[in-house]
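Novice: Listed below, chain by chain, are the residues.
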Amino acid sequence: MALLNIRNLSVSFSTRNGPFKAVDGIDLAVDRDDVLAIVGESGSGKSVAMLAVMGLLPWTATVTADLMEFNGLDLLTISDQQRRTIVRRDIAMIFQEPMTSLNPCFTVGFQIGETLKTHFGLDKKAQKKRSIELLEQVGITDPEKRLSAYPHQLSGGMSQRVMIAMALSSEPKLLIADEPTTALDVTIQAQILDLLLRLRHETGMGLVLITHDMGVVAETAQRVVVQYAGQQVEIQETRGLFRDPHHPYTAALLAALPERAAGRLLPSIPGVVPGQFDRLQGCQFAPRCTFAHPRCHAERPVRASNEEGRALCHTPLLHGHPYLWEGTR
Amino acid sequence: MIKFILRRLLLTIPTFVALMFVTFIAIRLVPGDPIEVRTGEHGISPERLAYFRHELGLDQPVWKQFIDYVWHLLHGDFGVSLSSNEKVLTEFLTLFPATLELSIAGILFAVVLGVPAGVFAAVKRGSWFDHTLMGAAVAGFSMPIFWWGLLLIMLVSEGWHLTPVSGRIDMINFYFEPTTGFMLIDSLLSDQKGAFLSALHHLVLPMIVLGTVPLAVIARMTRSSMLEVLSEDYVRTARAKGLSEFRVISLHALRNALIPVVTVVGLQVGGLLAGAVLTETIFSWPGVGKWLIDSIGRRDYPALQGGILLISSLVIIVNLLVDLLYGAINPRIRHG
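Going line by line, the protein sequences match chains A and B. For what it's worth, the numbering used here labels the leading residue of the first sequence as 18, then goes sequentially. For what it's worth, the numbering used here labels the leading residue of the second sequence as 1205, then goes sequentially.
Honestly, the hints are just simulated from the structure, not real lab data. Fair warning: there could be bad hints in the mix.
What the hints assert, rightly or not - Covered by chain A, per the in silico footprint, the following chain B stretches (three or more residues, Cβ under 8 Å):
no. : stretch
1   : 1291 to 1303
2   : 1484 to 1491
What the hints assert, rightly or not - If we take Cβ atoms under 7 Å as the criterion, some of the chain A residues that face chain B in the derived model are:
no. : residue
3   : Q98
4   : R101
5   : R106
6   : N120
7   : S165
8   : Y167
Glycine included, C-beta positions come from ideal geometry on N, C-alpha and C.
Just chain A, with the same shape it has in the complex (with noise of 0.2 Å):
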């Protein structure tokens, strides 16, 4: 039984103009141990399936799903009491924007001792001597200075690693780390990388990296989602990924990676994502794909089997070419 079980989840939003499905049906598992990457570009609903699970979205949210598990919990019915003492406790987050993550009025050593406090009920000597320890850990030199210090007068970097502290201090299954290293710059994020991964090795607990960088899905994940317009379209092994994606979007992707242009032109994928209003009646990446058939823009596809990678496709590629598996024939 996996740490985190999800089947099927959908979150919808209502909005002035009506539902807005910005997830459509999203399976996956994730273990101790594991490191799942969720890759898409912005507004593929990478990060919205993530608070789902957190219960962190706004009200006009609605949430569905076949089957929404945590440790055995049902996130589904779970009350708001559960949600806070156990989920909250249990799976940690960590979030794009450092800088604003935190909180502008209160410094670094309130914030973590906070959360000591909350799931551990640490009185304020015990707080703050876990406190050092968690910003040792997470490479902040000279730690109990950094205790006083407010978030202004942190870098990105820095801030990010306090955030991972105070993720940590609630010692998680599961950490949720939602494009950590987009607001950073390059040298920086290469650092918060290493420094998670070093830290789900020592923690042992599961890593859910949601990103859109393909280079570092591949350093770091070993199994990866694919997300396209709110849906799940592949989902691989990373290695299996790299060498032989097998939805045509997955494909496109990776064939833009600059390391693996052949010309001096850098290949691009034609046309922009379906809006939120115009979602297609057939598959959402038909009228950008190579490989689309008349077929493609009328029937929504269903789901290849594992081996294809449970591809969101008519015509799931196998070593770069479309073939009609079973299910669709």
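Got chain A; can you put chain B on it based on the hints?
Specialist: Using the frame of chain A, we list chain B on its own:
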């Protein structure tokens, strides 16, 4: 920090000069001078009028009077009230505690009700409570103070006989020498049974009347500020940490949302003193506001000039204090 305060104090000098000038001229533009007003319709012989004018220095050219006034002021002399023959400063200080007591009560009333109401409205955005509160806030803000005061007196005092109509305490049953000037404190110190309750009883209505406009402003400001803060990333972080919703709202969100509210409260102090003038007049509250209104009627030049100047300095000081308090709440703008 000290440099910051000094700079701010220096910046107030032009404000004071302008204030002195404007009040000085404005009072003299009102027809009738102190002597004419005092003699009333009986009139006075021209010789006597000239004699008294000479006594008070009113026969001098206005520019000379002004320089004279500033000269005395620079020596710390606010002059002597023409109607009571008491020093203006002494008179002001005797009356001021009454105004201060009323103002503090008014602003406390506004903050204690306004901040929680605003927070609740923001959290329950779009609910009937939110709509009712915001509607009431517009009404409260637009209410003319004297009309609102009279309305409450008619309803609460006359109609329901719940509160007294005027004054600070029941003077028939209680009498004691003021020690602090604050009726609530003095009545407690006096050891007279029921005195404190009587003082409190007298304070309720003026407090509500004076606090209504700030209450409306604070409630609206808190709501909009809170709405903004609730969508911030750090509020999501606080929730993700597993904190209780109460702690997320009342600590993580409110602390940030209060920053603009404190500014507004500070700005309300000026309006509060203006409101006190009307409120004191309606409720015969023996404070600075009523004294100033009476002084206008008596053309008591020194009392008016001194009183307005002293009140203005208070507003300026309060604004400075608010700026400093701002830094205490918001670490990002602590003055180094």
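Novice: Would you mind marking each hint as holding or not holding in the structure?
Specialist: Verification of the supplied hints:
Only residues whose C-beta sits within less than 8 Å of a C-beta in chain A count toward coverage, and the stretch 1291 to 1303 of chain B has 0 of them, not enough to reach three; the restraint is violated. With 0 residues having a Cβ less than 8 Å from any Cβ of chain A, the stretch 1484 to 1491 of chain B misses the three-residue criterion, and the hint is violated. For Q98 (chain A), the interface hint is violated, since its Cβ never comes within 7 Å of a Cβ in chain B; the closest pair sits about 9 Å apart. Among the interface hints, the one on R101 (chain A) holds; its C-beta lies about 5 Å from the nearest C-beta in chain B, closer than the 7 Å criterion.
Because the beta carbon of R106 (chain A) sits about 5 Å from the nearest beta carbon in chain B, less than 7 Å, this interface hint is met. For N120 (chain A), the interface hint holds, since its Cβ comes within 7 Å of a Cβ in chain B; the closest pair sits about 4 Å apart. Taking 7 Å as the C-beta contact cut-off toward chain B, the hint placing S165 (chain A) at the interface is violated, the least distance being around 11 Å. With a least beta-carbon distance of about 4 Å to chain B, the hint placing Y167 (chain A) at the interface is held under the 7 Å criterion.
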